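Undergrad: For reference, the chains in residue letters:
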Amino acid sequence: MTTATETIPAPKRGSFFGARVREAGWGYAFVLLPMAVFGVFFIYPLVYAIYISFFEWGILGKVKGVGTQNYHTLYDDQIFRRAVKNTIEYTVVVVPLEMALGLLMALVINARIRGRAFFRSALYFPSLVSSAAITAIAIYILNADGLLNKIVGGHRSWFGDPSTALWSIVGLNAWTTAGTVMLFYLAALQSIPTDVYEASALDGTGTWRTFWRITFPLLKPAHFFVLVVFGIGALKVFDQAFIVSGGTGGPVYSTYTAVLYIYNEAFKSSNFGVAASAGVVLFVAILLLTVIQRATVGRAEIG
Amino acid sequence: MLQTSVAAAEPLIPHRARSEVARRLVVYLLLVAIALLFFTPFIWSLSTSFKTLPETVYYNLIPHPFTAAAWKSVWTEYDFKRYALNSLFLAVTVTVINLFLASLGGYAFARLRFPGRELLFLLVLGTLMIPDQLRLIPVFVMLTNWHLIGNFSGYILINLVTAVNLFFMRQYFLTIPKDFEEAAKLDGAGYFKTFWRVMLPLAGPAIAALAILQFQGTWNDFFWPLILFGQGNEHLYTMQLGLAQFTLTYQTQWPLLMAGSILAILPILVIFLIFQRFFIAGVTAAGIKG
Numbered sequence: 003m004t005t006a007t008e009t010i011p012a013p014k015r016g017s018f019f020g021a022r023v024r025e026a027g028w029g030y031a032f033v034l035l036p037m038a039v040f041g042v043f044f045i046y047p048l049v050y051a052i053y054i055s056f057f058e059w060g061i062l063g064k065v066k067g068v069g070t071q072n073y074h075t076l077y078d079d080q081i082f083r084r085a086v087k088n089t090i091e092y093t094v095v096v097v098p099l100e101m102a103l104g105l106l107m108a109l110v111i112n113a114r115i116r117g118r119a120f121f122r123s124a125l126y127f128p129s130l131v132s133s134a135a136i137t138a139i140a141i142y143i144l145n146a147d148g149l150l151n152k153i154v155g156g157h158r159s160w161f162g163d164p165s166t167a168l169w170s171i172v173g174l175n176a177w178t179t180a181g182t183v184m185l186f187y188l189a190a191l192q193s194i195p196t197d198v199y200e201a202s203a204l205d206g207t208g209t210w211r212t213f214w215r216i217t218f219p220l221l222k223p224a225h226f227f228v229l230v231v232f233g234i235g236a237l238k239v240f241d242q243a244f245i246v247s248g249g250t251g252g253p254v255y256s257t258y259t260a261v262l263y264i265y266n267e268a269f270k271s272s273n274f275g276v277a278a279s280a281g282v283v284l285f286v287a288i289l290l291l292t293v294i295q296r297a298t299v300g301r302a303e304i305g
Numbered sequence: 003m004l005q006t007s008v009a010a011a012e013p014l015i016p017h018r019a020r021s022e023v024a025r026r027l028v029v030y031l032l033l034v035a036i037a038l039l040f041f042t043p044f045i046w047s048l049s050t051s052f053k054t055l056p057e058t059v060y061y062n063l064i065p066h067p068f069t070a071a072a073w074k075s076v077w078t079e080y081d082f083k084r085y086a087l088n089s090l091f092l093a094v095t096v097t098v099i100n101l102f103l104a105s106l107g108g109y110a111f112a113r114l115r116f117p118g119r120e121l122l123f124l125l126v127l128g129t130l131m132i133p134d135q136l137r138l139i140p141v142f143v144m145l146t147n148w149h150l151i152g153n154f155s156g157y158i159l160i161n162l163v164t165a166v167n168l169f170f171m172r173q174y175f176l177t178i179p180k181d182f183e184e185a186a187k188l189d190g191a192g193y194f195k196t197f198w199r200v201m202l203p204l205a206g207p208a209i210a211a212l213a214i215l216q217f218q219g220t221w222n223d224f225f226w227p228l229i230l231f232g233q234g235n236e237h238l239y240t241m242q243l244g245l246a247q248f249t250l251t252y253q254t255q256w257p258l259l260m261a262g263s264i265l266a267i268l269p270i271l272v273i274f275l276i277f278q279r280f281f282i283a284g285v286t287a288a289g290i291k292g
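These protein sequences, in sequence, are chains A and B.
Just so you know, my numbering puts 138 at position 136 of the first sequence, and the rest follows in order with no gaps.
Just so you know, my numbering puts 12 at position 10 of the second sequence, and the rest follows in order with no gaps.
Simulated from the structure, these hints should not be mistaken for lab results.
All values reported here derive from a predicted model rather than from experimental measurement.
Check the hints yourself; a few may be wrong.
Said to hold, decoys possible - Sample of chain B residues at the chain A side, in silico, Cβ under 7 Å:
1. Pro43
2. Leu103
3. Gly107
4. Val126
5. Arg137
6. Asn222
7. Leu250
8. Ala266
9. Pro269
10. Ile270
Glycine included, C-beta positions come from ideal geometry on N, C-alpha and C.
Make a model of the complete structure from these sequences and hints.
TA: Next up, the structure:
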């Protein structure tokens, strides 16, 4: 027992550093596997994609270095230009639509009503459905003999007509994304203190005016968040365009999106170099959007 | 008659209350309209899946004759059973591994002190900015070189853990009081044991939310299965990839196509009906981020 009293202080002093070292050791051990995954499958591919974009690269691998040739190819390629145009048009229309619909739904759900949880779940549900299933259902509803034509009249194949195909994807995705947007707006609405409304109610301000004068401006951070996050999501549109056109981006390139271009350059034309450079262009566009958001919102929020 | 009774009742209802009633009426009407708009496609698809092909030219909602032939057909004659099993296998595997690695890393970043922690964490957050569409080409080239295209391991490998999941777990661990770990330490529990036996059970709600969202994400994934299995590996087709292929091949076989689509939705619908709270809490937390 005398040995015990003697030995306790000694390891105690050493254990301060020992414990720190041990804690750090376990810390590294815990993050080792996740960091390896991020390193090998995220950070390395980022560098590798940029590298590949400077090569002529086929299905069998590297052919030869071509400098910035792949980027010039992109710039001159009418199909790439069309893909960028489609993607931008799609994004510019779909995002405000998702925001308006999501905000409307959030406002309605946020009103003190019975069955709130039920309605919230019901409106959110389409957001959970897989793109493949929802697109199959849309193809069915929007075909020439489909339910939509039965309701609105006419005999248009919505995905088969170049003037409506992209806008049909806009409608489809606005429907399925609005539920998620709604959840973000709901969270933001609930963070607005109620005394703000009470003050405006005392002033006798109407519901409509209260919304435009008070609620809408107070939601500014939420607007920015949703705009950027869903704007980035919209730039990546692919699944629906791929499925409705069978990967062709048709009819007549009307549903050809930027990511579809990347896919087809790689897997149809085996131009991995050009595909990688298109990926880099998309990445830069997304990065710019994110930087703009950070700068405007000016907070350490991560999107 | 009606007018007079309304007029008579009017003075009894204060002005504010009347406008409140009108407001609620508008709210309910809007809700019902949106809900109908949102659910008509699903109900219509469900109805069609129980019809015969000739009957799909009519627009009746109740199938007549009512037949489950399309359902039986996609499950037995076509490959939807295999698609479902493939998807189930991938979704479960990816979810379990994500849960483990995201918790492990999330816990370390939340609680353990080690040099370079902040820098490493910044790196993790940085990966959030790298889109899958950029990783597509390099990852495909890497997996091809390693002969991991044409089996499930490539898919699992690139989906072992995501930054979103790790971040989500870290944020949750930060909210757990330190007392629990200190108590465990006094009991002589080591770091891993403290994590495994004390912290992980405490993170139950976060783990449930993450499990549900990750399962849904993998089950619904179309992009990576298309890239990794879509180049001639039909035995690896997942539910979504198989369904997309089926859509392109049997575009006008509506009962079959709708049965397949509902089948692809069904597991998520069931999970959602049981765990809707976790879904909604998870999406909001993962987006807003503490």
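Undergrad: Give me the numbers of the hints this structure contradicts, sorted from smallest to largest.
TA: Going through the list in order, the structure violates hint 9 alone and respects the others.
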